[in-house]
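Participant: Start from chain A and add chain B according to the hints.
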Amino acid sequence: MTILPLVTDQISEGYVILITGLLIVFGALVILALFFNFGLPVLLYVYKIITKRKDKKISEIKVEADHDFTGEIAAAIGAGIHMYMNEQHDFESAILTIKQVKKPYSPWSSKIYGTQNRL
Amino acid sequence: MKKVIIIFCVLSLLIFIRPALGLGTNTSSNNLDDSVKTEQVEKTVESHSYDGAFKGIKQFYNYTGFANVTSGHATMIVIGIIFIFLGIKYDYEPLLLIPIGTGVILGNIPFVAGNQTGIYETGSVLNYLYFGVVKGVYPPLIFLGIGAMTDFSSLIANPKLMLLGAAAQIGVFATFMGALYLGFNLPEAGAIGIIGGADGPTAIFLSSKLANGVNILADGTTVKNLIGPIAIAAYSYMALVPVIQPPLMRLLISKEDRKIKMKPPRAVSQKEKMIFPVVALILTLFISPSALPLLGMLFFGNLLKESGRTERLADTARTKLIDIVTILLGVTVGASTQADIFITKDSMLIFGLGAISFVIATCGGLLFAKFMNLFLKGDNKINPLIGAAGVSAVPDSARVVHTEGLKSDPSNYLLMHAMAPNVSGVIGSAIAAGIILSFLG
Chain A
339 MTILPLVTDQ
349 ISEGYVILIT
359 GLLIVFGALV
369 ILALFFNFGL
379 PVLLYVYKII
389 TKRKDKKISE
399 IKVEADHDFT
409 GEIAAAIGAG
419 IHMYMNEQHD
429 FESAILTIKQ
439 VKKPYSPWSS
449 KIYGTQNRL
Chain B
1186 MKKVIIIFCV
1196 LSLLIFIRPA
1206 LGLGTNTSSN
1216 NLDDSVKTEQ
1226 VEKTVESHSY
1236 DGAFKGIKQF
1246 YNYTGFANVT
1256 SGHATMIVIG
1266 IIFIFLGIKY
1276 DYEPLLLIPI
1286 GTGVILGNIP
1296 FVAGNQTGIY
1306 ETGSVLNYLY
1316 FGVVKGVYPP
1326 LIFLGIGAMT
1336 DFSSLIANPK
1346 LMLLGAAAQI
1356 GVFATFMGAL
1366 YLGFNLPEAG
1376 AIGIIGGADG
1386 PTAIFLSSKL
1396 ANGVNILADG
1406 TTVKNLIGPI
1416 AIAAYSYMAL
1426 VPVIQPPLMR
1436 LLISKEDRKI
1446 KMKPPRAVSQ
1456 KEKMIFPVVA
1466 LILTLFISPS
1476 ALPLLGMLFF
1486 GNLLKESGRT
1496 ERLADTARTK
1506 LIDIVTILLG
1516 VTVGASTQAD
1526 IFITKDSMLI
1536 FGLGAISFVI
1546 ATCGGLLFAK
1556 FMNLFLKGDN
1566 KINPLIGAAG
1576 VSAVPDSARV
1586 VHTEGLKSDP
1596 SNYLLMHAMA
1606 PNVSGVIGSA
1616 IAAGIILSFL
1626 G
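Here the protein sequences line up with chains A and B, keeping their order.
Just so we're aligned, residue 339 is where the first sequence starts under this note's numbering, counting upward by one.
Just so we're aligned, residue 1186 is where the second sequence starts under this note's numbering, counting upward by one.
Same shape as in the complex, but just chain A (with noise of 0.2 Å):
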């Protein structure tokens, strides 16, 4: 009889929590949707008023002097450059002393050396 309570009274508890926590992780959810649809846009305008700098829009810049410019073109130089900077690792010299060395020449142990002269 002492357990029943301790039982009910833990899944009453556990149905609060529920609620409650459903509630705050939609409300700060909600919260964080509502200040970007709608809180952010003033901010960024806030912004633009302190620094007195008219952002450009995309649709604002022109692009009637690069008529010829297509994304094509854009697409075929990023293209050439990452394969040109891709490529920039292979020229490199595999010698990784800083000097050559070059030695005399020595009889330690030549065959030829050996057999022309007895010891």
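Don't read these hints as lab results, they were simulated from the structure.
Treat the hints loosely; a few may be bogus.
Cross-link-like lysine-lysine pairs, in silico, DSSO-like; alpha carbons within 30 Å at most [to be verified]:
# : chain 1 : residue 1 : chain 2 : residue 2
1 : A       : K449      : B       : K1562
2 : B       : K1555     : A       : K449
3 : A       : K386      : B       : K1187
4 : B       : K1187     : A       : K390
5 : A       : K390      : B       : K1458
6 : A       : K386      : B       : K1448
7 : A       : K386      : B       : K1458
8 : B       : K1448     : B       : K1530
As the structure is a computational prediction, the values presented were derived from the model and not from experiment.
Facilitator: Same frame as chain A, but now just chain B:
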């Protein structure tokens, strides 16, 4: 001539190594005496030394795994091998399953207690590494890396999709209630519930705070240590997202709805991307301060990425740092599944509840997306499939949504749209973890 040289070399070698071999001429007489003495001693001890050798071998055998192995150990080792096999052969989250599988084998090598070997013995190396799990150090570091990887622009472009991430959190709370009805304590139920958040680090973080085997409940008993089962359940179901979600999508979403094409998200300026982490950090943490380690690190990582000035830090966070932490986390979580602690009725219940929580979370997201569609018109309508991505599991569930969308309409690319509820699901489950922690911690 050659022979002379060889003989000379051998002789000189012998002279050089003579001190090492102890062949000194002046000690030879002593040596003779010694050998005689040892012979005498050996004769008297002979019978005892055989006994001693057998005893030694027997003792050694008692220390080996063969003497201490139980069926539990064997079962868990087989499970570990299956994890590794699944990771390698079928490419199911190999970055997680291979460390965890190896950890499971490591944790279930039978050993004699008291030699500071096992993960639960204080002073052992694994115990020190496990510290990061028990104290919840690793999850925030993983979140830092996730933040530095994640692009929130689709969410910023379409903020209303955040609600889908919230809707899927119904899985967390429903599982929490289910665990309570099955007789778990409140903190344990809270930790089990977060499996529905489909977020490994969050699940480990919350279970290390609530169900760590250390905390003492109001009625005087200590909570059970459920970190291992919860983490394994969470990660296994995350790997199984491609199996669990598609049938539910087909069941709940009609064919016409699956074909809805969403308008492409608008371009988001860099300024907005920079403002997002700062504002989201402040807003979400004011609402749910207990989620500070998780959300703080998530948005910090994102700010590193978007600020444009800290590319080096962001790069480390999203590559090397997250790799190191994933290795440590995977192995130690795997090793924490020591058979005597892991193979219990509770673990089986947790696995059952985990599956149900994934199903509820997916359904919650899908149905809420349908519900939202009632209020949206024309172009703004959303494809209800993306609701399923609300159960974090980044980025697997978004990928599942995408492939499922392609099946009903090969020209409908949902990946970008699905990423929005996906990342908001991460935020949502971290907030939910914070709420549960503040209620029960």
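Participant: It remains to establish, for every hint, whether it holds in the given structure.
Facilitator: Results for each hint:
1. A:K449 x B:K1562: violated, 92 Å
2. B:K1555 x A:K449: Violated - the C-alpha atoms of K449 of chain A and K1555 of chain B are around 88 Å apart, more than 30 Å.
3. A:K386 x B:K1187: violated, 94 Å
4. B:K1187 x A:K390: violated, 96 Å
5. A:K390 x B:K1458: holds, 21 Å
6. A:K386 x B:K1448: holds, 28 Å
7. A:K386 x B:K1458: holds, 16 Å
8. B:K1448 x B:K1530: violated, 49 Å
In this structure, the hints that do not hold are numbers 1, 2, 3, 4, 8, in rising order.
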